[in-house]
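Going down the list, the protein sequences come from chains A and X.
Heads up: the first sequence is residues 2 to 408, going by the numbering used here.
Heads up: the second sequence is residues 688 to 1035, going by the numbering used here.
Source of the hints: derived by calculation from the structure; they are not laboratory data.
Given the structure is predicted, the values throughout are model-derived calculations rather than measurements.
For each residue, glycine too, the CB sits at the ideal point set by N, CA and C.
Treat each hint with caution, since some may be false.
[As the list claims (entries may be wrong)] Incomplete in silico selection of chain A near chain X, CB under 8 Å: (1) G159; (2) Q166; (3) L179.
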Amino acid sequence: VTSITDRARGVASGPRDRWIAPAVIVVGLLYPWYEETLQAIPLIGDFIPSTESMVVMVAFTMMALGLNIVVGYAGLLDLGYVAFYAVGAYTAGWFASQQFEQVTFHFFSSVPSDQPGIHITMWLVLVAAGFLTLFAGIVIGLPTLRLRGDYLAIVTLGFGEIVPQVVRNGDNFFGFDLTHGTFGIAPIDAAGFPVLSTFTSLPKNFQTSPNRAMWFYLGAFALLLITVFCTVRLRDSRLGRAWIAIREDETAAAAMGVPLMRTKTWSYALGAFFGGVAGAYYASFRGGAFPADFYFQFSVFLLCMVILGGMGSVWGVIAGAMILGYLDREGLATIGSKVQDAGLDFDPTKYQFGIYGIIIVAMMLLRPAGLIPERRHRVELEEGVHDTPFYDVQHEGTLTDRDPSDD
Amino acid sequence: MNSTATSVLRTMRSPNVVNGLGLGFVGVIVLWLVVNFLKDPTYFLNVGLDGLTRGTVYGVVALGYTLVYGILQLINFAHGDVFALSGLVASTMMLSVLSITPASSDAALVGAVIVTLAVTVPLFALVNASIERVAYRRLRNAPRVAPLITAVGMSFIVQNVSLGIYGVDYESGSELIPRGVAFHIGDVRFTWKLVIALAIIVPALIVLSWFVSSTRQGKAMRAVSQDTEASAMMGINVNRTISITFVIAGSLAAVAGLVFFLEFQVRYDTGFELGLIAFTAAVLGGIGNLTGAVLGALLIGFIQSFNEGLLWYAPGGDWTRSIVFGILIAVLVFRPEGLLGERTPEGA
């Protein structure tokens, strides 16, 4: 097992590992084509997720990778990541739906051109959502990032609660309906290829195409590949190394000339960017942005993905996100129905957040660096980041500079 | 973007701008309160007394946060959920085990409150200490983000234990206590709700403050929260002191749980929102500072009641959460040490 995790540690970190990433990409990309074959296998077939679920799992993975920039790379605990998901989803709602029916504006949109409202092609909206969320990340980050550790966590949590409440109450800002209140914005346009579809067989609109789930999956997969590429390159960049330096020792990093505020704000903003893109894409897939989706538990759900997989480890976060996304979409329900078939009256979906809580606590206590650890982070977590304490509180009455054999 | 961001930040950090903004912020609130008071003084005071009722309950929960933070520098997210579970257990004690009904006599009610406390206080002291033993102790030397994440996980676990045992229904004991007015001064009405809350909470606070200020163990707690290693060298048992802190926090949660059950309604997820409010109160007062926690909680209680109760330009209950968190963020930005706290590296 060690050799497998060793090899999977970095994306293509050694010559032997070059085949892993391309193999995973090919296997992932072809999923819609062999999904039914897998589902036909007896016993395990029931546990194979549908392509429909895979779209959501991939979107969650993108969000988890964004959160990984903040939590894994920079070591800042963000408990309000759901706010960025909300901003992304509502950007999609504003620029690609009938929300603002006062105006009619179409730009390469996949919907009929007589629909009122702003309809911009989803690909452009995704970019807009990313940048708007990035901006939101900066706005939230600036006043709060000078706080350290715990305070930052609680303030991000605060923003994670404020944004959904603003969204929920936002149907009457001095008479202007910005968010359509508790109903949310629906329908949101689907992604599609309105121009290319005229001379190729690509669909004009994913939502109405016969292979709806497959097209959404391929789109999500492409976005995921871009996200993975960006996060890996970011990690190895000058900025990424500055993040890791801050994570390990903020004071030392500052003393070495790392500008703390700027570096942290970038981690916050870039982490938010991917959350916004994923949120907008997911909203397009769901066909709406609903305030009921944006709750604190979702932030912790994403955090749980990062912790399960391994903070800072790209492969780990992908694995953690796919596992938990699967449990959330289908796994727990499937397991629940199996359990109930076996005659036990237990519904795991009801206790899903308790299950995530147990995963979080168990991982932190038993394997704090995650399933597929990042080497550096594991050292930090297992050996500690502080100087050796004079008094070891874990072993009652021992002073750490004293050899136990002296007693 | 970066250079602008940094320069904006530098401007924000300069003490004049910070103080000016902070004072302006407080000024607007004071003005709003004064106008509301002048419009209808009696109504204003009655709403204020409702805020006092809330504030005392928040205060007891906030003390639990501030005690633990003072000694471990850990936001014990699970505290709010321990509080909610204790409220639910108190409901079982009062309604099922002791079968108190609205028709029960006053003596029976007082007796039931005492018996319930005699059960829930030791129980949740034990629960809280066990959480520390199982989940936090092993992570003392880990990066600080590690126990914080574990605390979030514990919070979910405790919340789901409540969900598993009690389901999604609200439990409320507000029918058990006498309705109406205990006494009044002019038209300002002191309800039984307020009197009972104070009758349970004030003695608890007196015991707590006696314990922390006058006993050996209380002294040890203060010493450990100031400097863990130095107090270990002086012969204080650090682990035992931390366990006792959690025991006290758990006991306070049990007291608050009972009062909250009697005054309002409690459900498996009550602890999440109330925990956040209480934590905000602790930060507002200056985290680690016991008087500050109570003061902050009273302020938050007033703010919540004024926001939901006042008639002139009050945003209303839909915005309570945003306002409470807005205050939290404003405090952390303008005065990270809180009202009574000292500057710490956390907020500096």
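Going down the list of hints, with the structure as the test:
The criterion of a C-beta within 8 Å of any C-beta in chain X is met by G159 (chain A), whose closest approach is roughly 3 Å, and the hint holds. For Q166 (chain A), the interface hint holds, the least distance from its beta-carbon to any beta-carbon of chain X being 5 Å, beneath 8 Å. Contact between L179 (chain A) and chain X, as hinted, is not supported at the beta carbon level, the nearest pair being about 15 Å apart and thus beyond 8 Å.
The structure fails to meet hint 3 from the earlier list, while all remaining hints are met.
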